[in-house]
Amino acid sequence: MPPDAARSPTPFEEPRRKSMMPSLPRETIISIVLFAAVWQIMSYLAPSLGIPAFAIPGLGRIAESLMKITPIDVAVTLGRVLLALFVSFIIGIMVAVLMYLSDSVERYLRPMVRILMAVPVVSWILFAVLWFKGVEFRIVFVLVVVCAPVFTVDALDNMREVSRDLKQMIRSFRPTSFQFFYKLMLPAITPGILTSWKITLSLAIRVVTIAELVGAVTGIGHRLSVAQELFSVADVFAWTLVLVVLLFLLEALIVQFETRVLRWRG
Amino acid sequence: MSGASAPIEIAGLRKVFRQTTTGESIVAIDQLTLRIEPGELVAIVGKTGCGKSTLFDLLIGLEHPTAGSITIGAKTPYDDFNDFRGKIATIFQQDRLFPWRSAIDNVKLPLELIGIADDLQQERAMFWLQRLGLANFANAYPRELSGGMRQRVAIARAFAVQPEILLADESFSALDEVTANDLRKTFVDLAREFRSTAILITHQLEEAMSVGDRIVVFGKSATLLADIRMKDWDRSDHAALRSAIQNTLQMNAPDERLKR
Numbered sequence: 002m003p004p005d006a007a008r009s010p011t012p013f014e015e016p017r018r019k020s021m022m023p024s025l026p027r028e029t030i031i032s033i034v035l036f037a038a039v040w041q042i043m044s045y046l047a048p049s050l051g052i053p054a055f056a057i058p059g060l061g062r063i064a065e066s067l068m069k070i071t072p073i074d075v076a077v078t079l080g081r082v083l084l085a086l087f088v089s090f091i092i093g094i095m096v097a098v099l100m101y102l103s104d105s106v107e108r109y110l111r112p113m114v115r116i117l118m119a120v121p122v123v124s125w126i127l128f129a130v131l132w133f134k135g136v137e138f139r140i141v142f143v144l145v146v147v148c149a150p151v152f153t154v155d156a157l158d159n160m161r162e163v164s165r166d167l168k169q170m171i172r173s174f175r176p177t178s179f180q181f182f183y184k185l186m187l188p189a190i191t192p193g194i195l196t197s198w199k200i201t202l203s204l205a206i207r208v209v210t211i212a213e214l215v216g217a218v219t220g221i222g223h224r225l226s227v228a229q230e231l232f233s234v235a236d237v238f239a240w241t242l243v244l245v246v247l248l249f250l251l252e253a254l255i256v257q258f259e260t261r262v263l264r265w266r267g
Numbered sequence: 002m003s004g005a006s007a008p009i010e011i012a013g014l015r016k017v018f019r020q021t022t023t024g025e026s027i028v029a030i031d032q033l034t035l036r037i038e039p040g041e042l043v044a045i046v047g048k049t050g051c052g053k054s055t056l057f058d059l060l061i062g063l064e065h066p067t068a069g070s071i072t073i074g075a076k077t078p079y080d081d082f083n084d085f086r087g088k089i090a091t092i093f094q095q096d097r098l099f100p101w102r103s104a105i106d107n108v109k110l111p112l113e114l115i116g117i118a119d120d121l122q123q124e125r126a127m128f129w130l131q132r133l134g135l136a137n138f139a140n141a142y143p144r145e146l147s148g149g150m151r152q153r154v155a156i157a158r159a160f161a162v163q164p165e166i167l168l169a170d171e172s173f174s175a176l177d178e179v180t181a182n183d184l185r186k187t188f189v190d191l192a193r194e195f196r197s198t199a200i201l202i203t204h205q206l207e208e209a210m211s212v213g214d215r216i217v218v219f220g221k222s223a224t225l226l227a228d229i230r231m232k233d234w235d236r237s238d239h240a241a242l243r244s245a246i247q248n249t250l251q252m253n254a255p256d257e258r259l260k261r
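Listed in order, the protein sequences are those of chains A and B. Okay, so the first sequence: first residue is 2 according to the working numbering, each after it adds one. Okay, so the second sequence: first residue is 2 according to the working numbering, each after it adds one.
The shape of chain A in the complex, shown without the other chains (with noise of 0.2 Å):
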C-alpha cells in the first residue's frame, strides 16, 4: 500500500461498527455464571423468604424444561419470523422506492408510514382478531405491518444519504433507472439495509411472541401462554431462553453475511 494510503474517508465510510458476533470473552462467562449462581440460592432461600417456590425454579428445573423443548415449536416461530421479515423487506423497499423517485408520493406515504410505526403492537393484535380468521396470516400481518415501515424509513433515508457527487458522476455515464438503482443506489444503501435486518430481526422475535400469544396453537408464544398458563416458570425461563439464543444466531448469520459483502470497508 502507498505511504499516503491513509487519508480522509470517502462519503460512504462509515465508522466501523463493533462485531455483533456472539463471542463469550471471559466477561461474558463470568457475569452469566454469577447470574446462574445468585439464580440458584435465591432458589434455595425462597421458601425461606416467603415466596413460593415455583417462583424461582432452581438450575435443574429450567435444565429439564430446556430438554422438554419442541424443535417444531422453534421451527413455527422462526419460519414465521423469517417470512414476514422477507414479506416486510420488500414491500418497505419498493414503498421506500417509489417514495424516493416522486415527492407527491412521499408527502402522501410519509404520514401514513409514520401512523403505522406509531400504532402500539397490541392495538395491532386486536384488529387482526377483529379482522383476520386465520392464525397464521394475523401473525404474518402483525409482523409485516410492524417491520415493513422500519424498513421503509431506513432505505429512504439510506437512499437520500448517498452521495450527491456519486450520483452526478454515474449519471454523467447515463444509466438507464434500473441502472442507476443496481449499480449505485442498492450498493450504497446495503450497509443500512443490513443494520435494518439487524434491528427488525430483533423487533419480529418480540412481536411474534406476543402475535402467538393469542389464537396460536404452535410456537414460541405459544408455548409460553401454555407454561404461564401451568404456573411454570421453569418453561417460561427455558422458552425465553431459546428466543434469546435464537436472536443471537440469526444476528450471526447477518453478521456473517455483513462481514463478506461490506469487505470494501476493510
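Don't read these hints as lab results, they were simulated from the structure. Keep in mind that a hint or two might mislead.
[To be verified] Only pairs whose alpha carbons sit at most 27 Å apart, straight line, appear in this in silico DSS-like list of lysine-lysine:
{"hint": "1", "chain 1": "B", "residue 1": "LYS48", "chain 2": "B", "residue 2": "LYS186"}
{"hint": "2", "chain 1": "B", "residue 1": "LYS48", "chain 2": "B", "residue 2": "LYS232"}
{"hint": "3", "chain 1": "B", "residue 1": "LYS221", "chain 2": "B", "residue 2": "LYS48"}
{"hint": "4", "chain 1": "B", "residue 1": "LYS186", "chain 2": "B", "residue 2": "LYS232"}
{"hint": "5", "chain 1": "A", "residue 1": "LYS168", "chain 2": "B", "residue 2": "LYS48"}
{"hint": "6", "chain 1": "A", "residue 1": "LYS168", "chain 2": "B", "residue 2": "LYS76"}
What you are looking at is a predicted structure, and each value in this text was computed from that prediction instead of being measured.
Starting from the known structure of chain A, fit chain B onto it as the hints suggest.
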C-alpha cells in the same frame, strides 16, 4: 478508435438559477458562444464562481440551458441525453470512485453501463489500468490507494469508454503538484493519442497553459474575455501571455496584449 468527429457548438448559451431561499435570479452563464473543433484540447480558465462548472454540467447534459444551445453533431447533450452514452466521459475534482468496487471494477463501470460483453470489459479495464500504471493494484479497493492512484483510476474509467469528448472539472487541483503535473501529462498524452476532444475546466492559469492547445478565459457569468491559440505564442512569449491573462482575469475585461 475513431476519436471525436463533430465539433461542439455553443450558441448564445444562457443559464439562470433561481435561489430557493430569496427567489433571486443568478445568471451563471450569459450569452456564451464558442466553437470547439474535434480533437481540440481546450482549457477553460476563470475565477471561482464564473460559470465554468455550470458549463461543465450543461456539457454533460445534466442541466438544461435557460436559452441558447449546445450542439454536438446536430444533437444536444441534454435533450438527446441517451444518444451520448459512451461518447462523453468525465473526470471530476474528486475521484468519485465507488468505495465498494475494486479499482478494476470501477474502471469497468461505464463499460457495464454501455453493455459491453463481460470478457471485453475485463480486457479493456485491465488495458487502461496498465496504461495508467496500476496493473498491480487492479483488485485494490479505493481506500487502499493514494489520492493520486485513485485519480488515475478515475482517468482510466473515463478513457475506458473511448469517449469522443472528455470533460475534466478541476481534475488535478486537489492533488500535490508533482502528482498533478504527472497526471496532467498523462491526460494530455492520452487525449491526443485517442483524438478525443478534451475540455479541462480549471481556475489555475498554469494548469490551463500547460494542458490546453487553446485557452478560453471566462469573466463573470462566463463572458468570453479571451480565446487564445497557444500555437500563436512562442514559448518565449509565455511570460507576457501569463501576465496578460492575469490582467484580463483581474480587470474582468480583455487585455489588448491578447489580440493576435
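Structure-based check of each hint:
no. : hint                  : result
1   : LYS48(B) / LYS186(B)  : 23 Å, holds
2   : LYS48(B) / LYS232(B)  : 24 Å, holds
3   : LYS221(B) / LYS48(B)  : 8 Å, holds
4   : LYS186(B) / LYS232(B) : 18 Å, holds
5   : LYS168(A) / LYS48(B)  : 26 Å, holds
6   : LYS168(A) / LYS76(B)  : 24 Å, holds
When held up to the earlier numbered hints, the structure conflicts with none and fits them all.
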